[in-house]
Amino acid sequence: MKGSLIILLFFVLGIFAGIYQMLPDHFLENDYSMYALYFLMFLVGIGIGSNKKSLDLIKSVNFKILLVPLSVIVGTYIGVSVFALVQDNLTWIDSLAIGSGFGYYSLSSVLISEVSTDVLGVIALLSNITREIITLLLTPVFARYFGKLAPISSGGATAMDTTLPIITKYIGSDYAVISVFSGVVLTILVPFLIALIL
Amino acid sequence: MITVLAIMTAGIFLGWLLHHKKQFLKIVSHTTNWAIYALLFLLGVSVGTNEKILNNFDKIGVQSIVITLFAVAGSILVSWLTYILFFKNNEG
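So the protein lines, in turn, are chains H and Y.
The first sequence begins at 1 in this note's numbering and counts up one residue at a time.
The second sequence begins at 1 in this note's numbering and counts up one residue at a time.
Just so you know, these hints were derived from the structure itself, not from any lab.
One or more hints might be untrue.
[Said to hold, decoys possible] Once the Cα atoms are required to be at most 30 Å apart in a straight line, the calculated DSS-like pairs of lysine-lysine come out as:
no. : chain 1 : residue 1 : chain 2 : residue 2
1   : Y       : K21       : H       : K169
2   : H       : K52       : Y       : K59
3   : Y       : K26       : H       : K59
4   : H       : K64       : Y       : K88
5   : Y       : K52       : H       : K52
6   : H       : K59       : Y       : K59
[Said to hold, decoys possible] Computed from the model, here is a short list of chain H residues facing chain Y with C-beta under 8 Å:
no. : residue
7   : G47
8   : S50
9   : S95
10  : S113
11  : S154
12  : A176
13  : V177
In this text, all values refer to a predicted model and were calculated from it rather than measured experimentally.
In this text, a Cβ means the ideal position worked out from N, Cα and C, and glycines have one as well.
Input sequences plus hints: build the corresponding full structure.
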């Protein structure tokens, strides 16, 4: 939660810097963000490759555990496709791209704003932060009425870190491995799925 | 976009090679956070200089929340089915 607040703070500071034109003109004319994104993706790659958790988890893979992140992906895509059908502001492709953040708002928003429009990037940011907040608030309800995989599924990519404590509190620590596994798989897939869709 | 994925894959390979260098990974983790802050600041700047987004911020906010409700509902329903079919019976 602290992480989300810091991220929102930088986003809001940026908005004010933009509105009150506090930045030098050449800064606004040149788009440095693409290089910053390349740099970030390189760092994110190092993080994934060096993560002992993800190395260990490969050993625990079996058919059943793979079904968990797969259900999250299929379910999210069904959900956002229904959304795309009932309104006409966002296209089906845009909706799928936003859903592909699975709660990983920092990466999905900067990636989407770079590849697509800033509007879509902002929606991705707000939507995926909302996914984390919903999970933090409603995990007890989800666990009670929709089975033990429900909070893991709602948490998406965040099920491996920010929402893991609350999830394991309500579904039991025997499901912690599944939660981390699902979160790691989704986190790694986020940039690939967004790239495939947009 | 292919460039982005290629760069990330190169990073994964380097990370795998250097996964025992604790000090290096600590620096990477800190730098990652600051790169994210910088990019979100820049996203904020483009929002702050974009009248279209500023004037529709309420609409964009509502849209973001509604699409999330659909995404969460869909994923919970599918994983509920997965739970009933594959997980529930194995519990003691």
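Hint-by-hint comparison with the structure:
A distance of roughly 33 Å separates the Cα atoms of K21 (chain Y) and K169 (chain H); the hinted pair therefore is violated under the 30 Å criterion. For the hint pairing K52 (chain H) with K59 (chain Y), the CA-to-CA distance comes to about 42 Å; that exceeds 30 Å, so the pair is violated. Between K26 (chain Y) and K59 (chain H) the CA atoms are separated by roughly 25 Å; this keeps the pair inside 30 Å, and the hint holds. Restraint check for K64 (chain H) and K88 (chain Y): satisfied, since their Cα atoms lie roughly 12 Å apart, inside the 30 Å limit.
Using a Cα cut-off of 30 Å, the hinted pair K52 (chain Y) and K52 (chain H) is violated, with the two alpha carbons roughly 44 Å apart. With a C-alpha separation of about 46 Å, the suggested pair K59 (chain H) and K59 (chain Y) falls outside the 30 Å cut-off, and the hint is violated. Interface restraint check for G47 (chain H): the shortest CB-CB distance to chain Y comes to about 6 Å, inside 8 Å, so the restraint holds. Taken as an interface hint, S50 (chain H) checks out: its beta carbon lies about 4 Å from the nearest beta carbon of chain Y, inside 8 Å.
Look at S95 (chain H): its Cβ gets to within about 6 Å of chain Y, closer than 8 Å, so that hint holds up. Look at S113 (chain H): its Cβ gets to within about 5 Å of chain Y, closer than 8 Å, so that hint holds up. The interface hint given for S154 (chain H) is met, as the beta carbon of that residue sits about 5 Å from the closest beta carbon of chain Y, less than 8 Å. The restraint placing A176 (chain H) at the interface with chain Y is violated, with a minimum CB-CB distance near 14 Å, outside the 8 Å limit.
Checking V177 (chain H) against chain Y: minimum C-beta separation of about 13 Å lies over 8 Å; hint violated.
Hint violations for this structure: numbers 1, 2, 5, 6, 12, 13, all remaining hints satisfied.
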